[in-house]
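According to the working numbering, the sequence shown is numbered sequentially starting from 192.
No wet-lab data here; the hints were simulated from the structure. Computed from a predicted structure; not experimentally measured. By construction, the Cβ of each residue, glycine as well, lies at the ideal position given by its N, Cα and C atoms. Treat each hint with caution, since some may be false.
[Said to hold, decoys possible] Distance ranges between label pairs, derived from CB positions:
(1) Ala380 x Gln453: 43 to 53 angstroms
(2) Val245 x Gln309: 40 to 50 angstroms
(3) Thr375 x Glu267: 22 to 32 angstroms
[Unchecked claim] Keeping only pairs whose Cα atoms sit at most 25 angstroms apart, straight-line, the calculated DSS-like set for lysine-lysine is:
(4) Lys556 x Lys496
(5) Lys363 x Lys421
(6) Lys242 x Lys363
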Amino acid sequence: MSAQLGGQPILILKEGGSRTRGRDAQSMNIAAAKAVAGAVRTTLGPKGMDKMLVDTIGDVVITNDGVTILKEMDIEHPAAKMMVEVAKTQDDEVGDGTTSAVVIAGELLKKSEELLEQDVHPTVITLGYRQAAEKAQELLKTIAVDVKAKDKEILAKIAGTAMTGKNAEASKDKLCDLIVRAITLVADADGTVDTENVKVEKRVGGAIEDSEIVEGMIIDKERVHPGMPKTVKSAKILLLNAAVEYKKTEVDAEISITSPDQLQLFLDEEERMIKGIVEKIKASGANVLFCQKGIDDIAQHYLSKAGILAVRRVKKSDMEKLARATGGALISSIDAISADELGVAGLVEERKVGGEEMIFVEKCKNPKAVSIIIKGGTEHVVDELGRALEDALRVVGVVVEDKKIVAGGGAPEVELSLRLREYAATQGGRIQLAIEAFASALEVIPRTLAENAGLDPIDKLVELRAAHEKGKKTFGLDVFEGKPVDMLAAGVVEPLRVKTQAIASAAEAAVMILRIDDVIASAKSAGPSPEEMAAMGGAGGMGGMPGGMPGMM
């Protein structure tokens with residue numbers, strides 16, 4: 192990048208920097224964004240394929256989840272990174288529909304490229320896209336169906352749709368049941384759902400059918416002392432955020448001991464203090480102790496003698512969930528221990544799961560935090576199941592909060608496409624072209640579903656349009672039957688928020704990328720060259736002088 196002054200070039204950018212302008216910059220950014228959309232497009236739908244991602248140290252991830260694929264891919268291009276942000280936003284807001292959001296954004300940019308070639312100004316395209324996105328949000332509200340938060344059948348269908356195509360189909364019914372039970376248990380009285388309160392523990396070994404829900408918590412720890420009881424019924428649980436050991440002084444203090452008797456007295460006093468702490472715990476009526484900090488060896492001995500099951504160094508997040516599950520309070524001081532603050536559970540037991548000891552806190556009266564333990568044959572299966580379960584938990588939570596659903600299988604996209612074309616005709620001018628481009632871009636979802644299922648995309652799209660023109664708003668593509676089917680009746684349903692968020696974030700990303708007409712890249716800071724490395728010390732940095740010291744001339 193340079194300016195001309197009296198025939199003398201003036202360099203503005205650092206050497207090695209680059210600048211791409213105008214149509215070239217737009218083409219480059221659009222190509223990068225389309226490449227990202229193309230990478231995840233084949234994973235969409237019940238018949239989508241999986242991706243195997245291998246990182247620099249050889250760890251393997253096999254997944255069908257759009258956001259996981261994009262996070263694991265080492266993406267460098269700035270416009271491509273913006274597409275990854277679309278997937279992340281979708282994941283944070285709804286938990287599902289990440290692939291759809293990215294694919295729609297890619298298609299919007301593809302359609303804009305055709306308009307740019309017809310000399311439609313980028314500003315006109317972005318204006319049209321924004322109008323179309325707003326109109327799409329209005330139209331979506333009109334095609335949404337209201338559901339009751341207590342309708343477990345619908346919630347199970349929502350979970351089923353989210354898990355379809357993610358290796359979980361074989362035991363979908365079992366997993367959907369676990370998910371719906373978990374969400375209905377942790378939902379707050381005001382209808383909000385925090386899926387953080389559903390803890391998912393993954394264990395290799397056994398079959399997917401062996402997965403179970405625990406109406407309480409599973410803590411991945413074991414008893415601190417083998418003499419403690421393995422099982423405690425009618426548990427009174429103390430949740431302590433203080434160390435069970437003698438108090439150390441806050442300031443630096445020095446104790447001067449001059450005779451062996453004094454040392455013995457000092458040690459006896461230490462032991463007496465710890466015994467006093469354990470007596471306090473016992474006096475409160477607690478028979479189970481979960482401690483966020485450490486438990487001293489002497490304390491372990493006394494707790495064991497008192498018949499108290501104790502667990503130490505429990506994570507803060509687990510302590511908070513235990514408080515929600517058992518109704519207990521987190522206590523931060525030994526002096527504050529009282530019977531009123533204890534939590535209650537029907538059973539606390541240490542069990543071996545997949546070769547490791549875990550503590551189960553079960554049979555809680557009204558658990559506002561629960562755990563799901565999922566099992567599978569291999570680590571990769573369990574990891575992918577975990578991701579499918581997280582997505583399904585999130586979408587069921589969203590439906591409990593919003594109480595609105597739409598049909599799946601590309602039905603909303605086809606309906607929106609038709610309605611947006613009608614809307615475009617009322618606008619006129621060049622904006623009409625942009626709104627029509629937006630309308631046809633939405634059809635990428637049913638088209639991709641058909642392609643991934645090995646069906647003819649054009650035929651299927653024509654059939655879907657014909658059904659929607661007859662007023663069949665909920666008809667989508669059944670990839671197993673290979674024809675348009677009423678998706679609401681077939682039980683293929685999604686939360687309304689999945690669609691509103693996907694279209695909004697895809698439109699925003701497309702608009703942002705379209706408005707860029709100049710890419711100014713700084714020079715990369717390169718590492719030392721092989722020659723410099725050699726000069727610094729040869730093989731392994733141990734060359735040069737004898738004794739492994741680098742040579743210094």
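query: Holds or violated: are the alpha carbons of Lys556 and Lys496 at most 25 angstroms from each other?
result: violated (29 angstroms)
field: Hint check for Gln453 and Ala380 - Cβ pair distance inside 43 to 53 angstroms
entry: Hint violated: Cβ distance 60 angstroms, outside 43 to 53 angstroms.
query: Would the pair Lys363 and Lys421 pass a check requiring their Cα atoms to be no farther apart than 25 angstroms?
result: Cα-Cα ~34 angstroms, so violated.
query: Is it true that Thr375 and Glu267 lie within 22 to 32 angstroms of each other by Cβ?
result: Cβ of Thr375 to Cβ of Glu267: about 44 angstroms, so the range 22 to 32 angstroms is violated.
message: Check the hint pairing Lys242 with Lys363 against an upper bound of 25 angstroms on the C-alpha distance.
response: holds (21 angstroms)
- prompt: Taking the beta carbons of Val245 and Gln309, is their distance inside 40 to 50 angstroms?
  reply: holds (42 angstroms)
The structure fails hints 1, 3, 4, 5 (numbered hints given earlier, in ascending order).
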